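Chemist: Chain residues, written in single-letter form:
2 protein chains.
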Amino acid sequence: MTGSTLLIREITSDEFALVWPAFRQVVAGGDVLAQAPDTTFEQAQRMWTAPPTRAFVAERDGAVLGSYMFRPNQPGLGDHVANAGYVTSPEARNQGIARALCEHSLRTAAEAGFTAMQFNFVVETNVSAVHLWASCGFDIVGRVPGAFRHAGLGPVDALIMYRRLDPVAR
Amino acid sequence: MTGSTLLIREITSDEFALVWPAFRQVVAGGDVLAQAPDTTFEQAQRMWTAPPTRAFVAERDGAVLGSYMFRPNQPGLGDHVANAGYVTSPEARNQGIARALCEHSLRTAAEAGFTAMQFNFVVETNVSAVHLWASCGFDIVGRVPGAFRHAGLGPVDALIMYRRLDPVAR
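Chains as they are written, first to last, in the numbering used here: chain A, 1 to 170; chain B, 171 to 340.
Derived from the structure by calculation, the hints contain no laboratory data.
Because the structure is a prediction, the values reported are computed rather than measured.
Ideal Cβ positions, reconstructed from N, Cα and C, are used throughout, including at glycine.
Every clue listed holds true.
Distance ranges between label pairs, derived from CB positions:
#  : chain 1 : residue 1 : chain 2 : residue 2 : range
1  : B       : Asp231    : A       : Leu18     : 52 to 62 Å
2  : A       : Arg143    : B       : Gly199    : 27 to 37 Å
3  : B       : Thr210    : A       : Leu153    : 37 to 47 Å
4  : A       : Arg46     : B       : Gly283    : 21 to 31 Å
5  : B       : Glu180    : A       : Asn94     : 43 to 53 Å
6  : A       : Arg24     : B       : Gly199    : 37 to 47 Å
7  : A       : Arg46     : B       : Ile310    : 24 to 34 Å
8  : B       : Pro245    : A       : Arg99     : 18 to 28 Å
9  : A       : Gly96     : B       : Asp336    : 39 to 49 Å
10 : B       : Ala339    : A       : Thr40     : 29 to 39 Å
11 : B       : Glu185    : A       : Glu42     : 26 to 36 Å
Sample of chain A residues facing chain B (criterion: CB under 7 Å; computed from the structure):
#  : residue
12 : Ala34
13 : Gln35
14 : Gly76
15 : Gln118
16 : Gly142
17 : Phe148
Build out the structure end to end from the sequences listed, making use of the hints.
Modeler: Structure (structure tokens):
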């Protein structure tokens, strides 16, 4: 942890190159995200930044240490529940980046009018993430047997996690 | 129930007009699907038929009585689990159409290589659907509080339902 301030700001789709190094390293492990290790830049860019998805980066001293995105988890009559995803640069682990991203996303999604947030696919063996999301107020509301083909462990469960968002004063 | 055979066949995206009357009537009620009552033809067509989604219709005596679609529920390391959706024409209710569609989809998805099927958004108050999917072998594996803004009842829960698919002899 350095003394420099962590700045979290929204990016455009054209800035996805800022996210790509962290994204690529996270999916390369085959142990965290559903996206395949050979996901292309264009596929990742679309998934992470194509509207209505909104993407943000966390920067310290000009270096991007992580990113998150959020979007409606369902269309129409389900579009009050946000879905979000997070990546942290491997070299920036254990610095509170993921927690800072999550807390920022909870505020930003609430400000955007969402009343709850849902994660559809938290890999059960990604224990640090499961604990982090729990400490950020998420409950496990579902479990899909063997939904993730873990690169090292074979089929493991995916968890669905959920929390209401705090209303925003307007 | 008539004596005529129910024919279930795959359609192309260009044939979505066959599905649209049933789809439009189902979403109009605001009590079954996440899609808003004012979903456009083009939005519905994309959601129901754009690859990798595959769509099918059930016909009897030349009339389309219902439709289903399926696709991977996740990319990459989660693409062995299918997601599916079903609509039945309101005038064809209580004729076993939805069950026939579901059973057909279980076979077709298994033949396509999927090993399980997951429904992400079964409205809890759609009791006949919940019972039907249960009778087709689906378990409730999750519940998202208030995830659906029911047109008549306000916020109700969405259920996540899941079953393994029977392996296909090849």
